[in-house]
Structure formats: structure tokens, C-alpha cells
Amino acid sequence: MSGIIYLIVEDATDCELIRAILSAKKISVQVKPIISPGKTGGISRLSSKIDDLIRDAKTRLKEHDCIAVLYDADQHTDPNQTHQKKIVESCKQHKIKHIPAQDEVEAWVLADSGVCKWLNQKQKNWDEARKPKDTLDTWLKNNRKPSYYSGGRQDVLKNLVGDGDKYSDSMRAALKLLEGAACLK
Amino acid sequence: MLKQLRFKNWRSLRDVTIDLSPITVFIGANSSGKTNIVDALKFRRDINMRDLLDVVQDMGREKIISQNTIDDETLHLGFFFQETGYEFGEVLKLKIDQSFPHPVSLKYAREYFWDNIIVNSQPFIEMPSYQNYPDINISSSQNDKNLVETIANLLSRQYRYRWQILGENLSIKLKIPQDEIGNRYIMDLDGGNLLFILEMLQRHPDKENFEALIEDVSWLMPHVKGLQVYRPIHGTHTVLRISSAEFIPEYTVSAGTQRLLTMLATIYALNVPYDIRRFDEFTHGSIIPPALPGLIVIEEPDTALNPGVLQKFVELLRRYVDNPDGTRPRQIILTTHNPTFLNYFKPEEVRVVERGEDGYTTVSHVPDFVKENWLDEYALGEVWLTNLFGGTNS
Chain A
5 MSGIIYLIVE DATDCELIRA ILSAKKISVQ VKPIISPGKT GGISRLSSKI DDLIRDAKTR
65 LKEHDCIAVL YDADQHTDPN QTHQKKIVES CKQHKIKHIP AQDEVEAWVL ADSGVCKWLN
125 QKQKNWDEAR KPKDTLDTWL KNNRKPSYYS GGRQDVLKNL VGDGDKYSDS MRAALKLLEG
185 AACLK
Chain B
1307 MLKQLRFKNW RSLRDVTIDL SPITVFIGAN SSGKTNIVDA LKFRRDINMR DLLDVVQDMG
1367 REKIISQNTI DDETLHLGFF FQETGYEFGE VLKLKIDQSF PHPVSLKYAR EYFWDNIIVN
1427 SQPFIEMPSY QNYPDINISS SQNDKNLVET IANLLSRQYR YRWQILGENL SIKLKIPQDE
1487 IGNRYIMDLD GGNLLFILEM LQRHPDKENF EALIEDVSWL MPHVKGLQVY RPIHGTHTVL
1547 RISSAEFIPE YTVSAGTQRL LTMLATIYAL NVPYDIRRFD EFTHGSIIPP ALPGLIVIEE
1607 PDTALNPGVL QKFVELLRRY VDNPDGTRPR QIILTTHNPT FLNYFKPEEV RVVERGEDGY
1667 TTVSHVPDFV KENWLDEYAL GEVWLTNLFG GTNS
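First to last, the protein sequences are chains A and B.
Just so you know, we're using my numbering here: the first sequence kicks off at 5 and counts up by one.
Just so you know, we're using my numbering here: the second sequence kicks off at 1307 and counts up by one.
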């Protein structure tokens, strides 16, 4: 029996994306977001609150549920990786799975055959690319679709087939981590 | 004060107990069951005022009972009150025959409580066709008969005259035909009788309530300088005139102003002595005084109100509830989806309504860790959006 994955994220949209990928891969599990509070700050906000979020998210856990933390690796924009290191350290301390997305979680969408076909692109690995969100937005604009930042995201999620892990190493690693989680057993 | 609700097999509330505060705010995702709680209160009030079978039929008999019931498909609705020095309450039990064609076939039973002890328990009896839910049907010994009568009267007065319930979808009319009639004390669920209540407040010899109402509306919406329910002598319609610099036509009054006015009129109506000899031919009572506790239930009160007004609106609600001299005890129950609105409430006033995978509703308090770990830095609405304590659409 599968449980609920409480996915600690910077933003609810990251959770929606994971939910869409798992659904496209026919992995039956509920994913509920725990979103770091406040409106600005992204990963710095998440890393500063990660211990509190994990501790309080644990109060929601029932049998078969689990917690994971999803965050953008931001290797290009934050070479020191200060916030990422803090998140990893906290996850280890609390024995929680942590899922870094290279460089943003949208890199997994760029590697998806359904999205590539829909937006006339060739499927490949985008883990090393800078700002995958912006790339995705450019693809949408080139195909005269609504911007990723204003209504286009929903269409993108509809076109996912969930096979980005064929090319994306970070997505493959993330799925491997999740498959080992108690909530998927 | 209404202290606790206990539901079994009522719609999505399969087995739920809810503790209430002087102000209680229910938060939850769409379809979580907030309206089912409000509807239970409305159901209890309505069966005191209308034919029980009709009320069941109106609500949809197949819709009021949970899909997979417990306790032999008996529906329980428990209402427990606490007043100075004593507690009382009742549990209504209804068995509705789902297979029986119209008219609805049902049996009912009731337990009366005094200080948490059952003082009278009636067996199930068949509901005779078309009559109000009987207030008193006492099969107890003479010793506790007086006590049971007291409880029944206390409950009946509360439901019938002191519960104001305003739904989410309002249909406010600021112009009505002069021959139209409407309730002048108890607001309709859709606010449709606003003008009758405003006119009652305006015409009451004690002008204090009407003036205070205008003052409160003006405090929140400074463009409103005055109100007048106007019946032209040779006219065909009664209209509401709102003055800013001058009287403005009723059709230009904004949705937010109308909604605010309806909410505050609902509250102020409880402040006027209610002469039940004039308005209720079936009751041989007297005047319902403003000092009798009053309950105001408002669904989504923040709808159509500017976020800048919300804080002052909550301050106003607190003023009505605080009641320092004890002359007007009031209790308020609200529902909301709005994190900004939630920011102005205390965690202990909030109840989180969630619908589980099984389709049933649970109601919980905001966990202690919210106050201990988060509220120094973030507002309650912001913490709610983290989903750490549930009740969001995510």
C-alpha cells in the first residue's frame, strides 16, 4: 500500500511538476507539498527553514508516508552551493531523502519526449544547462504557445510522458531515490 | 455559547466532534466539508421553524446522510451549549428511510444533556407526516420533567431567535416592491430580506443600533455617510438610499458595500428586543432580550471585501464578541479560503477542515508548533500556505 510523499519544496509548482511526472510514469502515489513560507528568497529561504519544515512535516506522517526535499541545484548561479550544502546536511541529520534537480527541475521537462515532440525539439540531456525554465519558455514562445510563466505550464504538464530519465541523470537519480522510499512500497 | 458540535453520518462528517470558541474560523480546501458544518447548523435551526420532513426533502434526503454510515445509518446531530454556571445540550437522532418514496419516511429520537449527563433519552418514534420537530416530547419521570422542559425551552429559543446564518451566495435586494413581506429579525440565508431588517433597525424607537450600524459601515467604508430605507408615500417600491456626498441610487451600490451591510445588519438585528408576540403566533412567550446569547454564522465573509478592509473588519467582529459588560454575548462562526483574512485570527480560533481519501471530513485544531515555531516570523495565513497543517487545495 502506498502512502503520501510530503515533498518539501521552494514553490508549489515544483510539486505539481513531480506529481505530473510520477503520474505520467504510472507511479501511483500521492504527493503533497510542504512549501517554505514567505514570498521571496527561493533556496535561501528554504535552506534557512529546512530544519523547522522537516521537524513539523513529521507531525503529519502516518504509516507508509514519507518526506523528501526537492531543490534546485543552481550550480551556475550559486557556485559556492552554501544553501544546497545546508539542505543536504539537514536531510542527513533528519534521515530524509533529498532530491537535487540539475539545474532546475524543469531540466527534466526539457528531456521529456512528449514535450520535445510537442514543441518540435530533439530529446537530450539538459542537466548542465543554465536556467532550463527560460529555455522552456523560449520553446513555447517559438511555437506560439502561452508563456511558461503565464498559463503555458499547464499545457506543458499535459504533454509530459515522464521519460526524461532516459537522458537526464539527475532525474534518474531522483526516481531511484523515490522508488526506494517507504511511501512507494 | 455553542461549545461543541458532534456529528455522525451527516454528509461528509461521518464521526466528528468540533470544539468552538467565541470566534471560530473554519479553513479548508474546496469540498473539504466546511459548508456541511454550516448546513448542519442551518438544518437544526430550520427544523425548529419549519416542517421537519420538508426540511429533509429540501436538503435532499439522500444527500444528508454519509455514504457509508456507522451506527445503523442513524444520523446524529449534537449541539452543546455553555452558559454561566451550567451546560446543556441535545443529540438528535434521525433514521431516514432512503427507499421510501415521497413523503420522506423517518424516525427520530433525542437525548437531552445537563452538565454533560443525559437527563432524558427518548426512544425512536415515527415522524408523523408534516409537522415541526416537536420541541418537547417528554417521556421522563416527573422529577426531571422540569429540567428537561427547561433545556428544551433554552434550546428552542436559541435556534429559533438567536441563530443568524448567512450563506456564501447572497442575493441582496436594495429595491423591493412595497407589498413584499420578509422576516425583520432573522436574516435569510441569501440576505434577501436585508431591507426588512434595516427598516426594523431604522424604525425602532431606540435609534442606538441603527446609528451604530451606520458608524461601523462608515468606519470600514468611509464613502458611506448615511443609510435610509425609504418608502415613498405614493411609490411602488421600498429602496435603500446610501449617502456619500449626496444620496446615490441603489443600483450603484457596490457588491462589497452590500455584502458588508448585510453582514453587519445580521449582527445588529440580534441587538434589538424581539417581540415574539407580534411576530410569532405560535409562541406564548414575551420579548427575546438582546442579552440572550446570539450566534452569527457567516460563510466566506471576506468575499468582495478589499484586503485593506479585512483587518478592521476582524477588529469589528472582536468588538461584538468581547462584550465587556456582558449585556450582549455574541459568538461568531466563519468560513474562509483567504490567507490574508486568516492573518488576523489567533491559531486557537482556527479549525482545519480536511477531506480524507475515504471521502470523510476531519476537523482539527491548528497544531501547537505553529505558534511555537512560526508565528514570530510569519503570519498565520503564510504558515497555512506551507501546508504544514493541512486545509489547503494542494
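Treat the hints with caution; some may be incorrect.
[Claimed, not checked] Listed below are the simulated DSSO-like cross-link pairs for lysine-lysine, each with C-alpha atoms no more than 30 Å apart in a straight line:
{"no.": "1", "chain 1": "B", "residue 1": "K1531", "chain 2": "B", "residue 2": "K1309"}
{"no.": "2", "chain 1": "A", "residue 1": "K126", "chain 2": "A", "residue 2": "K96"}
{"no.": "3", "chain 1": "A", "residue 1": "K43", "chain 2": "B", "residue 2": "K1369"}
{"no.": "4", "chain 1": "B", "residue 1": "K1369", "chain 2": "A", "residue 2": "K62"}
{"no.": "5", "chain 1": "A", "residue 1": "K62", "chain 2": "B", "residue 2": "K1618"}
{"no.": "6", "chain 1": "B", "residue 1": "K1652", "chain 2": "A", "residue 2": "K36"}
{"no.": "7", "chain 1": "B", "residue 1": "K1413", "chain 2": "A", "residue 2": "K43"}
{"no.": "8", "chain 1": "B", "residue 1": "K1481", "chain 2": "B", "residue 2": "K1451"}
{"no.": "9", "chain 1": "A", "residue 1": "K62", "chain 2": "A", "residue 2": "K180"}
{"no.": "10", "chain 1": "B", "residue 1": "K1652", "chain 2": "A", "residue 2": "K43"}
{"no.": "11", "chain 1": "A", "residue 1": "K89", "chain 2": "A", "residue 2": "K121"}
{"no.": "12", "chain 1": "B", "residue 1": "K1652", "chain 2": "A", "residue 2": "K135"}
{"no.": "13", "chain 1": "A", "residue 1": "K101", "chain 2": "B", "residue 2": "K1652"}
{"no.": "14", "chain 1": "B", "residue 1": "K1652", "chain 2": "B", "residue 2": "K1401"}
{"no.": "15", "chain 1": "B", "residue 1": "K1618", "chain 2": "A", "residue 2": "K36"}
{"no.": "16", "chain 1": "A", "residue 1": "K99", "chain 2": "A", "residue 2": "K121"}
{"no.": "17", "chain 1": "A", "residue 1": "K90", "chain 2": "B", "residue 2": "K1309"}
{"no.": "18", "chain 1": "A", "residue 1": "K121", "chain 2": "B", "residue 2": "K1652"}
{"no.": "19", "chain 1": "A", "residue 1": "K89", "chain 2": "A", "residue 2": "K101"}
{"no.": "20", "chain 1": "B", "residue 1": "K1677", "chain 2": "A", "residue 2": "K99"}
{"no.": "21", "chain 1": "B", "residue 1": "K1369", "chain 2": "B", "residue 2": "K1314"}
{"no.": "22", "chain 1": "B", "residue 1": "K1314", "chain 2": "A", "residue 2": "K89"}
{"no.": "23", "chain 1": "A", "residue 1": "K66", "chain 2": "B", "residue 2": "K1652"}
{"no.": "24", "chain 1": "A", "residue 1": "K126", "chain 2": "A", "residue 2": "K29"}
{"no.": "25", "chain 1": "A", "residue 1": "K66", "chain 2": "B", "residue 2": "K1618"}
{"no.": "26", "chain 1": "A", "residue 1": "K126", "chain 2": "A", "residue 2": "K162"}
{"no.": "27", "chain 1": "A", "residue 1": "K101", "chain 2": "A", "residue 2": "K170"}
{"no.": "28", "chain 1": "A", "residue 1": "K137", "chain 2": "A", "residue 2": "K96"}
{"no.": "29", "chain 1": "A", "residue 1": "K128", "chain 2": "A", "residue 2": "K62"}
{"no.": "30", "chain 1": "A", "residue 1": "K96", "chain 2": "B", "residue 2": "K1677"}
These are computed hints drawn from the structure, not numbers from a lab.
message = Holds or violated: K66 (chain A) and K1652 (chain B), Cα atoms, limit 30 Å.
response = holds, 27 Å
30 Å Cα cutoff - pair K62 (chain A), K1618 (chain B) = Distance of about 36 Å is beyond 30 Å: violated.
Hinted pair K43 (chain A) and K1369 (chain B), Cα distance within 30 Å = Not satisfied, since the Cα-Cα distance of roughly 41 Å exceeds 30 Å.
query = Between K1531 (chain B) and K1309 (chain B), is the straight-line Cα distance small enough, at 30 Å or below?
reply = It is violated: about 38 Å lies between the C-alpha atoms, which goes past 30 Å.
query = Taking only the CA atoms, is the gap from K1369 (chain B) to K1314 (chain B) under or equal to 30 Å?
reply = holds, 14 Å
ask   = Straight-line Cα separation of K1618 (chain B) and K36 (chain A) no greater than 30 Å?
value = violated, 34 Å
request  = Would you check the hint for K1652 (chain B) and K1401 (chain B), treating anything up to 30 Å between C-alpha atoms as holding?
outcome  = violated, 39 Å
message = K126 (chain A) and K96 (chain A) were given as a pair; does the straight-line alpha-carbon distance stay at or below 30 Å?
response = Roughly 37 Å between the alpha carbons, so the hint for K126 (chain A) and K96 (chain A) is violated.
Proposed proximity, K101 (chain A) with K89 (chain A) (alpha carbon, max 30 Å) = holds, 14 Å
query = Does K89 (chain A) pair with K121 (chain A) here, judged by a C-alpha cut-off of 30 Å?
reply = violated, 36 Å
query = Hey, K1652 (chain B) versus K135 (chain A), does the alpha-carbon distance stay inside 30 Å?
reply = Cα-Cα ~41 Å, so violated.
key: Proposed proximity, K1618 (chain B) with K66 (chain A) (alpha carbon, max 30 Å)   = violated, 40 Å
Violation of the numbered hints given earlier is confined to hints 1, 2, 3, 4, 5, 7, 8, 11, 12, 13, 14, 15, 16, 17, 18, 22, 25 and 29; the remaining hints are satisfied by the structure.
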